[in-house]
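Number of protein chains: 2
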Amino acid sequence: MHIAAVSLEIIKTASNGLTRAGVLHTPHGPVATPVFMPVGTQATVKTLSPDELHAIGAGIILSNTYHLYLRPGHELIERAGGLHAFMGWDGAILTDSGGFQVFSLGPLRRITEQGVEFRSHIDGSKHMFTPESVMEVEMALGADIAMCFDECAPYPSTWEYAKASADMTTRWAERCLAAHNRADQSLFGIVQGSMYADLRKASARDLASLGFPGFGIGGLSVGEPKPLMYEMLDITLPVLPPDKPRYLMGVGSPDALLEGVARGIDMFDCVLPTRIARNGTVFTRQGRIIVRDAAFAEDMRPLDPGCDCYACTHFTRAYIRHLIKAGEVLGIRLTSIHNLRYLVKMMEEMRASIIDGRFDDYLKETRAVWYNN
Amino acid sequence: MHIAAVSLEIIKTASNGLTRAGVLHTPHGPVATPVFMPVGTQATVKTLSPDELHAIGAGIILSNTYHLYLRPGHELIERAGGLHAFMGWDGAILTDSGGFQVFSLGPLRRITEQGVEFRSHIDGSKHMFTPESVMEVEMALGADIAMCFDECAPYPSTWEYAKASADMTTRWAERCLAAHNRADQSLFGIVQGSMYADLRKASARDLASLGFPGFGIGGLSVGEPKPLMYEMLDITLPVLPPDKPRYLMGVGSPDALLEGVARGIDMFDCVLPTRIARNGTVFTRQGRIIVRDAAFAEDMRPLDPGCDCYACTHFTRAYIRHLIKAGEVLGIRLTSIHNLRYLVKMMEEMRASIIDGRFDDYLKETRAVWYNN
Numbered sequence: 008m009h010i011a012a013v014s015l016e017i018i019k020t021a022s023n024g025l026t027r028a029g030v031l032h033t034p035h036g037p038v039a040t041p042v043f044m045p046v047g048t049q050a051t052v053k054t055l056s057p058d059e060l061h062a063i064g065a066g067i068i069l070s071n072t073y074h075l076y077l078r079p080g081h082e083l084i085e086r087a088g089g090l091h092a093f094m095g096w097d098g099a100i101l102t103d104s105g106g107f108q109v110f111s112l113g114p115l116r117r118i119t120e121q122g123v124e125f126r127s128h129i130d131g132s133k134h135m136f137t138p139e140s141v142m143e144v145e146m147a148l149g150a151d152i153a154m155c156f157d158e159c160a161p162y163p164s165t166w167e168y169a170k171a172s173a174d175m176t177t178r179w180a181e182r183c184l185a186a187h188n189r190a191d192q193s194l195f196g197i198v199q200g201s202m203y204a205d206l207r208k209a210s211a212r213d214l215a216s217l218g219f220p221g222f223g224i225g226g227l228s229v230g231e232p233k234p235l236m237y238e239m240l241d242i243t244l245p246v247l248p249p250d251k252p253r254y255l256m257g258v259g260s261p262d263a264l265l266e267g268v269a270r271g272i273d274m275f276d277c278v279l280p281t282r283i284a285r286n287g288t289v290f291t292r293q294g295r296i297i298v299r300d301a302a303f304a305e306d307m308r309p310l311d312p313g314c315d316c317y318a319c320t321h322f323t324r325a326y327i328r329h330l331i332k333a334g335e336v337l338g339i340r341l342t343s344i345h346n347l348r349y350l351v352k353m354m355e356e357m358r359a360s361i362i363d364g365r366f367d368d369y370l371k372e373t374r375a376v377w378y379n380n
Numbered sequence: 008m009h010i011a012a013v014s015l016e017i018i019k020t021a022s023n024g025l026t027r028a029g030v031l032h033t034p035h036g037p038v039a040t041p042v043f044m045p046v047g048t049q050a051t052v053k054t055l056s057p058d059e060l061h062a063i064g065a066g067i068i069l070s071n072t073y074h075l076y077l078r079p080g081h082e083l084i085e086r087a088g089g090l091h092a093f094m095g096w097d098g099a100i101l102t103d104s105g106g107f108q109v110f111s112l113g114p115l116r117r118i119t120e121q122g123v124e125f126r127s128h129i130d131g132s133k134h135m136f137t138p139e140s141v142m143e144v145e146m147a148l149g150a151d152i153a154m155c156f157d158e159c160a161p162y163p164s165t166w167e168y169a170k171a172s173a174d175m176t177t178r179w180a181e182r183c184l185a186a187h188n189r190a191d192q193s194l195f196g197i198v199q200g201s202m203y204a205d206l207r208k209a210s211a212r213d214l215a216s217l218g219f220p221g222f223g224i225g226g227l228s229v230g231e232p233k234p235l236m237y238e239m240l241d242i243t244l245p246v247l248p249p250d251k252p253r254y255l256m257g258v259g260s261p262d263a264l265l266e267g268v269a270r271g272i273d274m275f276d277c278v279l280p281t282r283i284a285r286n287g288t289v290f291t292r293q294g295r296i297i298v299r300d301a302a303f304a305e306d307m308r309p310l311d312p313g314c315d316c317y318a319c320t321h322f323t324r325a326y327i328r329h330l331i332k333a334g335e336v337l338g339i340r341l342t343s344i345h346n347l348r349y350l351v352k353m354m355e356e357m358r359a360s361i362i363d364g365r366f367d368d369y370l371k372e373t374r375a376v377w378y379n380n
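In order, the protein sequences belong to chains W and C. Each residue of the first sequence is one higher than the one before, starting from 8 at the first, in the numbering used here. Each residue of the second sequence is one higher than the one before, starting from 8 at the first, in the numbering used here.
It is possible that some hints are incorrect.
[What the hints assert, rightly or not] Here are the simulated DSS-like pairs of lysine-lysine, each with C-alpha atoms no more than 27 Å apart in a straight line: (1) W/352 to W/371; (2) C/233 to C/352; (3) C/208 to C/19; (4) W/133 to C/208; (5) C/19 to C/352; (6) W/332 to C/332; (7) W/19 to W/352; (8) W/19 to W/208; (9) C/133 to W/332.
Treat the hints as calculated values from the structure; they're not laboratory data. Given the structure is predicted, the values throughout are model-derived calculations rather than measurements.
With these hints in hand, go ahead and build the complete structure from the sequences.
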């Protein structure tokens, strides 16, 4: 068995036996876990520079295979020296497989056992993703972690559809494993099974038996009520090997980060913090505020008093509101920096509380702020 | 006579007897001249942070009274501690008077001896600018340099219109002087006179006699051929006191910066570098390039090899082109940083050549690149 490029070192497990703090070792350095990964869909975390990503404490980011395959193309990125070199980011990167994106195209795609035929959202041109072709693209991009090509079943799905879909995802995972041969990149499997406990367990068992060095939990946060998502995590995680990293895909609201970590998740990603930032909504220790509201026109406090980010240490709510109202780019840069720093710092605090044996208290206090906020 | 908040120390005059290198002393620190001032219309230089302005070597920026008066309002900015504090910029600032903006509103404004009635471009509301009210706004903003409220005559204007307009600008300058009483801010007069040599000379003489600590040259770069602008500078500048700073308003193309400095201009401002940056056009030592063009898709060189800016030391043309094509904010941030650094560095090089007695050679070499480019 070959040595995985990426591995998780668990430093401390909380008293609940599930929650853990660790270090994800990657070819681009160690990353403290649990970790939130900012999303850089098009080889850039929207509005931020690589320097700013370092400053907010991001150690690993996510980028989207579907988008980069279409524009500027994975061959170009490979010729540029890979995604790290192309975008000037020397931290770690995870690429998704494009599975979620192509399934989201709706009428523009057709799924078969072979793969997925789809039309580009940019120019309508026809393309085909197969497990083998996606591995080729992800290997060309050269992220530290590549995700298997999977089918993300819609919510709700019938048990029959979800079972067929999860089984195909497992067969595709085997094809991905066979096609993947880049030693400095780890390939993670993706657990599916919609909202059915038996399918989730079977999918996790099947994927685990294939020996992946890490696992994504896919098909959640797709419209289901949050308690159902948490139930699926409760059911799935115990089936996965405890020493391997677990990544809850597409989740990034503060309450869900808390609940995910409480259940044993190590990694998260989501566009939420940067998307709401561009609409003028920011996280604070008192919950979300919409800083573009008139209520903040004369507010000379930082976005979140006590936050150590560039926005909060240099500018007032009144100024940032003005920038956003005036359509100035600096406004959404500052709210994006703040929201990402907020989540990164939340993970740092969670990690410290796990290591110090205070996670239960942290969970109680923070739930009070964020539950359903 | 009171001591001006802002004064020019001339360090070296070139052998042509016109071109000079100096230091503009301001309440927010010394600024090396000749200087290009990036434009921060709405209390932000578009897409940039104050940290980035410092990094590109900007010592003074311009902000627009008309825009800030309308949004967020000068009273709010005053309550925030003034424009420097509001926008987190500890370098020097110059505010224009809104004259150029309200005259550009066309049918939305009406000019009388008293002042200008206009409608807001944001919500159509009715407002009146007078020399006295503009002084109130500029004093509230608290820039290091405030400009007099002037009439910028359209191009072309008849001699009669231009004369009446320049004469009124002089009367308004007297009213501005009478109304201005902020000791930590210098008020500059503005020379007008359209493209008429006799009117330009008379305006410069009139303004000079009022004892301003500095002078804007207004009403140029308004559509006239460049040789005509240079002719007006040749005629106007000898009439102004040689020890006071001269500021050529709204000029920022590399060739015009060269020709302005050659004639004795100390200060410039223009939206050009940031505006063309947002369309993907950048300055290089070989002239302008449109980096969003397909020709640069695989170009792994920096925007301008040899440039020391953040964009050029970290990213390729191929990457920046991708960002701009994909509509990503980082793309226009990088081109904006580069174009501003290009002009700031050009001024630094010009200044060094003046001090080293090489200005004639510098002018010859650089004209070859930039003449009509």
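Hint by hint, here is what the structure shows:
1. Annotation: proposed proximity of residue 352 of chain W to residue 371 of chain W holds, straight-line Cα distance about 17 Å (limit 27 Å).
2. For the proposed pair residue 233 of chain C and residue 352 of chain C, the alpha carbon gap of about 23 Å is at most 27 Å, so the pair holds.
3. The suggested pairing of residue 208 of chain C with residue 19 of chain C holds, with an alpha-carbon distance near 26 Å, which does not exceed 27 Å.
4. For the suggested pair residue 133 of chain W and residue 208 of chain C, the alpha carbons sit about 68 Å apart, so the restraint of at most 27 Å is broken.
5. With a CA separation close to 19 Å, the supplied pair residue 19 of chain C and residue 352 of chain C stays within the 27 Å bound.
6. For the given pair, residue 332 of chain W sits about 25 Å from residue 332 of chain C by alpha-carbon distance, which is consistent with the 27 Å threshold.
7. Pair hint residue 19 of chain W plus residue 352 of chain W holds up; C-alpha atoms about 19 Å apart against a cutoff of 27 Å.
8. Between residue 19 of chain W and residue 208 of chain W the CA atoms are separated by roughly 26 Å; this keeps the pair inside 27 Å, and the hint holds.
9. With a C-alpha separation of about 20 Å, the suggested pairing of residue 133 of chain C with residue 332 of chain W holds against the 27 Å cut-off.
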